[in-house]
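Undergrad: Work out the full structure, taking the sequences as your base and the hints as a guide.
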Amino acid sequence: MSDFLTLPPYGLPKAEKDALLLAGLSELTAHHRAHCPPYARMLDAFGFAHAERVEDIPFLPVSLFKSHSLRSVAQEDVFKTLTSSGTTGQAVSQVFLDRDTAARQTKALVSIMGALLGPERLPMVLVDTESLLKNRRQFNARAAGIIGMMTFGRQHCFALDDHMGLDVDGLARFLDRNAGKRVLLFGFTWMVWKHFAPAVQAAGLRFDDAILIHSGGWKKLADEAVDNAVFQSRIFEMTGIGTVRNFYGMAEQVGSVFVEGEDGLLYPPAFADIIIRDPITLAPVPVGQPGVVQVVSLLPRSYPGHSLLTEDLGVIVHQDGAAPAHCGKGVRILGRVPKAELRGCSDVAAAKEAP
Amino acid sequence: MSTVLELPSKRPSPMAEVLDRLCGAPRLKPFSAPATAVLGELSRRILAEPDLARRPETAALAFWLRPANLAVLAKDVPPAPRNAMRVPAGLALHFAPANVDSMFVYSWAFSLLAGNRNLLRLSSRRGEMAERLLGLIPKALEMAPEVAQGTAFIQFDHDDAITAAASARCDLRIIWGGNASVAAVRAVPLSPHANEIVFADRLSLTLLSAQAVLALSDTELTALAGRMFNDIYSFDQMACSSARLLVWLGGTTEADDAEQRLSTAMRAQCSQRRYALEPATALAKYSLACRASMDLPVRKVEAAAMDWVVIDLGKGMPDTARMEVCGGGLLYGCRVDSLDEIVPGVGRNMQTLSHFGIALEQLEALASELAGRGIDRMVPVGEALAFGPIWDGYNLLAQMGRLVVVR
Chain A
74 MSDFLTLPPY GLPKAEKDAL LLAGLSELTA HHRAHCPPYA RMLDAFGFAH AERVEDIPFL
134 PVSLFKSHSL RSVAQEDVFK TLTSSGTTGQ AVSQVFLDRD TAARQTKALV SIMGALLGPE
194 RLPMVLVDTE SLLKNRRQFN ARAAGIIGMM TFGRQHCFAL DDHMGLDVDG LARFLDRNAG
254 KRVLLFGFTW MVWKHFAPAV QAAGLRFDDA ILIHSGGWKK LADEAVDNAV FQSRIFEMTG
314 IGTVRNFYGM AEQVGSVFVE GEDGLLYPPA FADIIIRDPI TLAPVPVGQP GVVQVVSLLP
374 RSYPGHSLLT EDLGVIVHQD GAAPAHCGKG VRILGRVPKA ELRGCSDVAA AKEAP
Chain B
17 MSTVLELPSK RPSPMAEVLD RLCGAPRLKP FSAPATAVLG ELSRRILAEP DLARRPETAA
77 LAFWLRPANL AVLAKDVPPA PRNAMRVPAG LALHFAPANV DSMFVYSWAF SLLAGNRNLL
137 RLSSRRGEMA ERLLGLIPKA LEMAPEVAQG TAFIQFDHDD AITAAASARC DLRIIWGGNA
197 SVAAVRAVPL SPHANEIVFA DRLSLTLLSA QAVLALSDTE LTALAGRMFN DIYSFDQMAC
257 SSARLLVWLG GTTEADDAEQ RLSTAMRAQC SQRRYALEPA TALAKYSLAC RASMDLPVRK
317 VEAAAMDWVV IDLGKGMPDT ARMEVCGGGL LYGCRVDSLD EIVPGVGRNM QTLSHFGIAL
377 EQLEALASEL AGRGIDRMVP VGEALAFGPI WDGYNLLAQM GRLVVVR
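So the protein sequences, as listed, match chains A and B.
The first sequence runs contiguously to residue 428 in my numbering.
The second sequence runs contiguously to residue 423 in my numbering.
Incorrect hints may have been included.
As the list claims (entries may be wrong) - Computed list of lysine to any residue pairs in SDA-like fashion (alpha-carbon distance at most 20 angstroms, straight line): (1) B/K331 / A/D117; (2) B/K45 / B/D92; (3) A/K267 / A/L278; (4) B/K316 / A/P131; (5) A/K412 / B/Y291.
No wet-lab data here; the hints were simulated from the structure.
Predicted model, so just to flag it, every value in this text is computed and none were measured.
TA: Listed below in structure tokens is the structure:
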């Protein structure tokens, strides 16, 4: 069933990958239709029969995990519920995982990170606070991300304290102990940028041979006019970290992450893909044309998250252009779809402003 | 005392001074010559701006403000009851809506024609069209200094003290902007002598005879779609009188066929008229259609192109309380076999029923059968946005004045 997880993550040429995805996604669509009644009602309403191409697979707006409890397994088989607060902390996404789907997510991440880091587990710095993991009741996407990534390192060192201050002594000890060795760092983009790198520089600490993996969105950095290139060069200046790799992923498709290649583009693994849609007609657009990001993945079986329409904008820069190192689509994420302002007769914002 | 910005100059003025000026302004009679002169001049100035003259909403406004139309309007004022005469209310305080940029002019014009002096509070979120119209008003006011002195357009951020000061001195308070605005303004006391006119949240529908739509030639269908486009898309479907519910009169097959014909024609209108759907609105519409199909008894979703989306709820009138709306050309659809079936589904919140292919007698019978449940207007498709002297159940000109008994 999950043989695809043994495939090399960036080794499939387009025709093979499309065939794998079409078959797998069609099977998942039928599976979720049979086991998730609200999802079935949506497919019925839109008149979905079958897909000739990957692009024909129905796509669920990612926001529906905020408004609806969507699962394709019995309540008693739910072994973990992931929540994400999104950006503004309003509605919370709920993602229901059973053991099977959680295991597939882990395997998927092992395959992707293995390709990036090699078989050996490196000494690891987590750019976050350890107390994040203590409250297991609030098992949010940030904690899940940290725990998921911890597997790929050893001798874990949490770099920040509860007040987002740098644990200078702890980090200095870690660097001493691992002098001359390659180390791994993981953190959320904003935390690395705001709380970690400047404090590392101020403390006079330096990484000689290190790889930083980071994720979590560019919105706040874009506000400061920081793009990927600026981020990489400034991180190097401040910390000495020579290899910086971003990845794109979301709580609604954990395990299905698109890691940055050497060319700065993001690459979907073999069992996942990205489709760019026209932001107005929602029809698929060709390579090179920006639009709304749809993500598909063969991982989600316990909830209907195998084909999601995000609220992000992106562009496919090339298809198989970095083969053979990176088969597949090279993607750039361009930020969020800008908010619309339709002024209604009963507009709450207007009412607030009204006297 | 708090300061407000006078428009269009945005000159800061103490609220007390603005109120003093308005209260000291000369009193006019209903349909006074100075009032019609100012409105007529505004009409000419709108038509002198090529882009405003071309836009349907501003063209309709200019047409409505013509002296000839105002004369017709004067005749439509219901005669005062025996032994009574109509006089102005005094000072009217208007809270203009943010969504329909031309509406503040109508609110002002009606009140001015009723003989009132007017203080209008405009939203700081008003659009570019409102700004253009505001820009033309000072020149029009030059026609009549007595009207100018009794007129002020202002803007201020949320401040109950300003609202309270104005509410204490006005004789009539007019609140647009829906339930939340009405609730917010009503929390501020009004002079005990004053009257209030409020415009709550409304939902509008369009009633189409499937047979009549199927009988149209292609040219006639295009014309119908064009009128419907104006009703629905002029203010991104965010005006209260823009239909959000499409009711087909006819059998299942007929209604399906007619809807398919109409949808094709509407999509053609959207692309011909270059309706600029924003990406976020397209996504909001798609998400809403997905949510609705999970939560409501949806028969099918028509979303071949995102600019025209119909969520078909099947037979009978739907529970409108469960109809989430988002604007930008998203409608719910349903089908009825006879007009009687509409009655139980109509609530107080329903405002405009725009119709096509339904006989006037049938509509009169429907209005009578509704017996005040809801629906304040029944107008042909294409006239949903045409503002008129009778609105939301009010005869505005009558309601904006007072009656004096003399015998």
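Undergrad: Now tell me if each hint is right for this structure.
TA: Right, here's what the structure says about each hint:
1. B/K331 / A/D117: holds, 17 angstroms
2. B/K45 / B/D92: Holds, at about 16 angstroms.
3. A/K267 / A/L278: Roughly 16 angstroms separates the two Cα atoms, so the pair holds.
4. B/K316 / A/P131: holds, 15 angstroms
5. A/K412 / B/Y291: Given pair A/K412, B/Y291 holds - Cα atoms ~18 angstroms apart, limit 20 angstroms.
Hint compliance for this structure: no hint is broken.
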